[in-house]
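Residue numbers (the working numbering), protein chains in the order written: chain A, 1 to 236; chain B, 1 to 236; chain C, 1 to 236; chain D, 1 to 236.
Mixed in with the good hints, there may be bad ones.
Since the list gives no way to pick out one identical chain from another, each pair is judged satisfied if it fits inside one copy or across any two copies.
[Said to hold, decoys possible] Derived lysine to any residue pairs resembling SDA-like cross-links, with alpha carbons at most 25 angstroms apart: (1) 183 - 138; (2) 94 - 31; (3) 128 - 25; (4) 125 - 26.
Hints are computed from structural coordinates only; laboratory data are not their basis.
Given next are the chains, with one letter for each unit.
4 protein chains.
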Amino acid sequence: MEVLLIAYTPDPERVCGAAAKVCVSSKSPREIWESTPKESLLRNLGAALSRGHESVVEHAYFTFAVSGVSRALTHQLVRHRIASYSQQSQRYVKLTRPGYVTPPTVKGDAEAERLYREAVESAFKAYKRLIELGVPVEDARYVLPNAAETSLIVSVNARELLHILELRLCLHAQWEIRMLASKMLQEAVKVAPEILANAGPPCKVRGRCPENDPGCPLYAQYVRDKPEGVGDKGET
Amino acid sequence: MEVLLIAYTPDPERVCGAAAKVCVSSKSPREIWESTPKESLLRNLGAALSRGHESVVEHAYFTFAVSGVSRALTHQLVRHRIASYSQQSQRYVKLTRPGYVTPPTVKGDAEAERLYREAVESAFKAYKRLIELGVPVEDARYVLPNAAETSLIVSVNARELLHILELRLCLHAQWEIRMLASKMLQEAVKVAPEILANAGPPCKVRGRCPENDPGCPLYAQYVRDKPEGVGDKGET
Amino acid sequence: MEVLLIAYTPDPERVCGAAAKVCVSSKSPREIWESTPKESLLRNLGAALSRGHESVVEHAYFTFAVSGVSRALTHQLVRHRIASYSQQSQRYVKLTRPGYVTPPTVKGDAEAERLYREAVESAFKAYKRLIELGVPVEDARYVLPNAAETSLIVSVNARELLHILELRLCLHAQWEIRMLASKMLQEAVKVAPEILANAGPPCKVRGRCPENDPGCPLYAQYVRDKPEGVGDKGET
Amino acid sequence: MEVLLIAYTPDPERVCGAAAKVCVSSKSPREIWESTPKESLLRNLGAALSRGHESVVEHAYFTFAVSGVSRALTHQLVRHRIASYSQQSQRYVKLTRPGYVTPPTVKGDAEAERLYREAVESAFKAYKRLIELGVPVEDARYVLPNAAETSLIVSVNARELLHILELRLCLHAQWEIRMLASKMLQEAVKVAPEILANAGPPCKVRGRCPENDPGCPLYAQYVRDKPEGVGDKGET
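So that you can see chain A by itself, here it is in the shape it has in the complex:
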């Protein structure tokens, strides 16, 4: 899996801070944008976020190029509706290189791994053979497995990214999309540290566990022994 941040709003936190200030200031956006020191705008941003005024971070956008992920992952990912996706089409692109993803639980067991590899590779062979028999690519791909690699470009604003991270960094999330969420965060936090520094699953962000799972290692850390400050933020 590879996740590349190929574009983002320049100086995203200054933009969001200016947006936060516009809401509560009698100054014009131009004055705010051109004459307010960045540190001051960051304080506006922090104040807005601490009161649950999350819409101000919608002005920060991130565009990720993602490859080496499975169709199992992307079918989940595209369920996040407040984002834009351009994905490699299995209708128009004939997959000549049979790339696929193998789950860690399969890798950990020699027999399972052999079985898995055979199953996936024979699916790719059937795909190739069906095309040779004249079946259109878009129909031959019905035999391809969920494991088949795909790639896409996804754009998302910081508010929705925070929401995605909250759902997908939870240890109950599916392992592959959790890995994607983790890599997205790793990239985005470099350019928007204030907005994303505290991103994480509900336990970390709100001191709560929607799964209500005391057996989870994060439960102990964030819910049972709730550290000072966790979950004190606004959250609407």
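Since the structure of chain A is already known, use the hints to place chains B, C and D on it.
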């Protein structure tokens, strides 16, 4: 494939007609709703639609129960972001009955069909075997094919339904999602005939072919020999 | 202010319960829809909501007819983007009856009330006079006050309605939109009691106060002396 | 009215072109992003748009700072739901400088202008006086006119911007929002000329007039004497 309309806004066209009238009337919504004859509201609806004022049909909702479709289809379907989906989870549900979809192009060729059946069924066998080896259901399903059957409940308003139908009833759309679109229309048109009577691909609705394909049978019918009235409607 | 629930998904909680069950069951939606007792579906609904799986209530829709509210209110209301609005147009409708809203803080002070009434009524007079002078209705309305009455039809699904209620039932919300939220809840809870019974501001729903206002009467009730069960629900 | 483009996706058309190419190429997004010449990506972009594949331009974002516009305008603007807004609050900001907008039709008539000025200025006086009497700012503002100036920061992707421009550049659109649309286009076209070069009302873009108004000057130019190429593009 089965498509069942399990719920919809009662008297949807009266609701949308009332919404259209509220925009341009000095009467209160209550007066409009309680005292305007339905035929009159339908005229308001028609007038709004003919001027491209499509938002008024957002007040009509349809909830479909869909089963016997492939994951190839649903991965496309859920790309329509202005709709709500509740889909059978391959993470939580162990598929014990190996249902799958076979494309018509495969069915039409004995060798292709045999190859296809073997490929898909051996994938389901590998899935079963991986689970027996202790691989979690959510990881075993990586070997399942796009062809695997799934089911879902989808809710969509009439404006977005018209948009989906425009994209998916085109003869260039993928066959399975075109079949779904056709069945959704068949169900919904019974309860919202005014809104949906003219639903169809861009050629039928607008007299244009975005694919610019003169070889398509609908091209001749709707674009070359454009019938009176086709494409005269507002379309923003 | 008048709020009328003019349409909604029939048996909304059965629909949402079926949606919840489809996600985790190997049965087809038709089997679930036709053969599962309602109480059983309600248990599925409850289980989904308690784990923060809120998307299942997107299948329940409500359409409200709202009148006698100010443009100050509607400018806020239409900021909720996951909803559909059809509002009386000040461009196309000439307001002949000068209806307007008066805030309670103004009503409570005789001098303020007189000043307010004069200001608003002279604005309506200027509006009328400008039209007589040949100014188009859509431009004459620039003199009309925020207080001017408007009416609209709004449709919203239960998930977004819960979100709107959370923001707008807070005692820090603006009084008029809080009143609207309260009336919407009053109407909707009659037909979807399971979904809406616990609707309320963040303090009631989550045991938290994004405004961090210990002076608020609800703070004492829900945050300081958090009752058993408050805020224990999933909340992503 | 002032419209400032304060942020946008760097090299937006290269990003959108790469997104277009990812859909139909067997190369990875990284290869596409790092090794494809920009002219080649622009050809992918052009091909996608000509087939009505508009989602690829969702990856280009624009953030505008807007000031000196009326609340009449912003109440319309925020109806565009696929965008992000941060607007000066009339609840939290006390308007000490009574800025307001005057429509051209009013400016063109001395008596109307005098009447308008008096009406608006006396509204601001009443606002000030109400606050002195102890009425909260958020309630005093009920007397403020639609004409009252406001400012905001708005972010929108190129697909929705094209949609907004189509609706709001029409000569039937309200004059002030048409002026805003025109200024947004003027700013954005500098940085995304390929995407926005042909932006315009439906007559210009599609060769159609949803208002069906042969009396409009653009009707003659774009609908009656439809120039070569107009309306030939895909349009779903």
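*asked:* When Cα atoms must be at most 25 angstroms apart, do residue 94 and residue 31 count as within-copy, between-copy, both, or neither?
replied: between (53 angstroms within a copy, 17 angstroms between copies)
*Homomeric proximity label, residue 128 with residue 25: Cα distance no greater than 25 angstroms*: between (63 angstroms within a copy, 18 angstroms between copies)
*asked:* Within a copy, between copies, both or neither: which one fits residue 183 and residue 138 at a CA-CA cutoff of 25 angstroms?
replied: between (31 angstroms within a copy, 21 angstroms between copies)
*asked:* Checking an output row: residue 125 and residue 26, CA cutoff 25 angstroms. Within, between, both or neither?
replied: between (67 angstroms within a copy, 18 angstroms between copies)
Figure legend: structure checked against the earlier numbered hints; every hint is met.
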